[in-house]
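Which chain is which? The protein sequence lines are E and U, in order. In this text, residue positions in the first sequence follow the working numbering: the first is 8, and each later residue adds one. In this text, residue positions in the second sequence follow the working numbering: the first is 4, and each later residue adds one.
In short, the hints are calculated from the structure, not lab data. Note that the structure is predicted; figures quoted are calculated from it, not measured. Among the hints, a few may not be true.
Claimed, not checked - Cut-off 25 Å, straight-line C-alpha distance, at most; resulting in silico cross-link-like pairs (DSS-like, lysine-lysine):
id, chain 1, residue 1, chain 2, residue 2
1, U, Lys117, U, Lys64
2, U, Lys117, U, Lys210
3, U, Lys139, U, Lys210
4, U, Lys139, U, Lys117
5, U, Lys117, U, Lys68
6, U, Lys64, E, Lys152
7, U, Lys68, E, Lys137
8, U, Lys139, U, Lys64
9, U, Lys67, U, Lys117
10, E, Lys152, U, Lys67
11, U, Lys68, E, Lys152
Each chain, letter by letter, is given below.
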Amino acid sequence: METFLRTWLEWPSVAAFIAKYTWAWPLGETFHFFGIILLIGGVGMFDLRLLGVARQLPVAAVRRLLPWGVTGFIICVVTGLMFVTGTRANVPSSPYDVIKSNIWLQMKFVFIGLAGLNLLAFYVTGMNRKVDDLGPGANAPLTAKVIAAASLFFWLGVIYFGRLIPEGL
Amino acid sequence: MQEFLESIENSTFSSYIRETPSVLGYSTVLALHTFGMAFLVGLSGVIALRVLGIVPELPLKPLKKLMPIIIIGFWVNAVTGVILTTLAIRSLLANWDFYVKLAAIVVAIVALTKMRHAAFADPNVADDTPASSDAKRWAKLMLLSWFLAVLGGRLTAYATYIRIQSAAAVAVAAILLVLLANILVRRSRSTAAARRASLAAAASTRKLEARV
């Protein structure tokens, strides 16, 4: 398993690209931030509505923002993969060793996983269908509120641990 | 002047935030700055998407309720921004990129305020009414200014030639993405319009059949 991860996590071509083109890393960082903004603007906004913010908004209309949040997440994943696979351009260690030794990066991955499980709970509990009927002024069921609060907590945790990663390098 | 700036940089508070081995120092202030940015730019961006007609399903008036969270995001960023500036104030004040970022933030806040006034001025307007052209202009200016502010913030740490190259690369990538998004939005709108038209046609057929 270790050999498999060591091989597949390290992409020398990505590291060489980052080392050769000095704009590549800042470009990735900037888009990582655009991704965070889209994620909070889409998914965070949906969570806030379920929690009762701007309650006059029908949930089905707010759901139209979710593709923007998903786009933000995809941008973050692509740029994040660039940071991981090209780690050696900035740090004299392999990505595998960095992930193994950096508690904040591990926490970030754990929180991304928890956010994913939370999303799964949203569908498994049937809340995704229930909240769609919520019109202007309607209150979300308690389960939906708990899932929305957990979603905001996990995504903010992902951002927080992401900012702590340099502390563990 | 240099001595004054040095005294700010070396104050007990700034030294603590910069040098403490605890993660509750510099990194946490940086994380709070990111939280503030995400809510300030993300939620004001939601209002702009509605004002520009990109997400027309959202009723306009209730979006005004997002303003308190946007304002909290702004103040979190203002306070953490001042703290982060005091940590390296001499190098930042000598950095033109820092002034670009500050100018972009000022323009974005002015545009946000103007957009809010233009979009929410009439309390009797119907929720599905398109926003005024004035509100749309301010929304576009705000989004462009946020783009420059975020870009400026990210590039502050780099050397000038890397900043220029990176800014050009980000601009090219952003233009390509906006063009792609534009195509996708248009396609999804035409699909939605075709679906509405076919539903309406099916309904009128049913009515005709019922009459017969």
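Hints, one by one, checked against the model:
This hinted pair checks out: Lys117(U) and Lys64(U) have alpha carbons roughly 16 Å apart, not beyond 25 Å. About 48 Å separates the Cα atoms of Lys117(U) and Lys210(U), which puts this hinted pair outside 25 Å; it is violated. For the proposed pair Lys139(U) and Lys210(U), the alpha carbon gap of about 40 Å is over 25 Å, so the pair is violated. Between Lys139(U) and Lys117(U) the alpha-carbon distance is near 10 Å, which keeps this suggested pair within the 25 Å criterion.
This hinted pair checks out: Lys117(U) and Lys68(U) have alpha carbons roughly 16 Å apart, not beyond 25 Å. Between Lys64(U) and Lys152(E) the alpha-carbon distance is near 23 Å, which keeps this suggested pair within the 25 Å criterion. Our distance criterion of 25 Å between C-alpha atoms is met by Lys68(U) and Lys137(E), whose separation comes to about 23 Å. For a cut-off of 25 Å, the pair hint linking Lys139(U) to Lys64(U) stands: about 15 Å separates their Cα positions.
Between Lys67(U) and Lys117(U), the direct Cα distance comes to roughly 13 Å. Compliance with the 25 Å bound is thereby established for this hinted pair. Restraint check for Lys152(E) and Lys67(U): satisfied, since their Cα atoms lie roughly 21 Å apart, inside the 25 Å limit. For the suggested pair Lys68(U) and Lys152(E), the alpha carbons sit about 18 Å apart, so the restraint of at most 25 Å is met.
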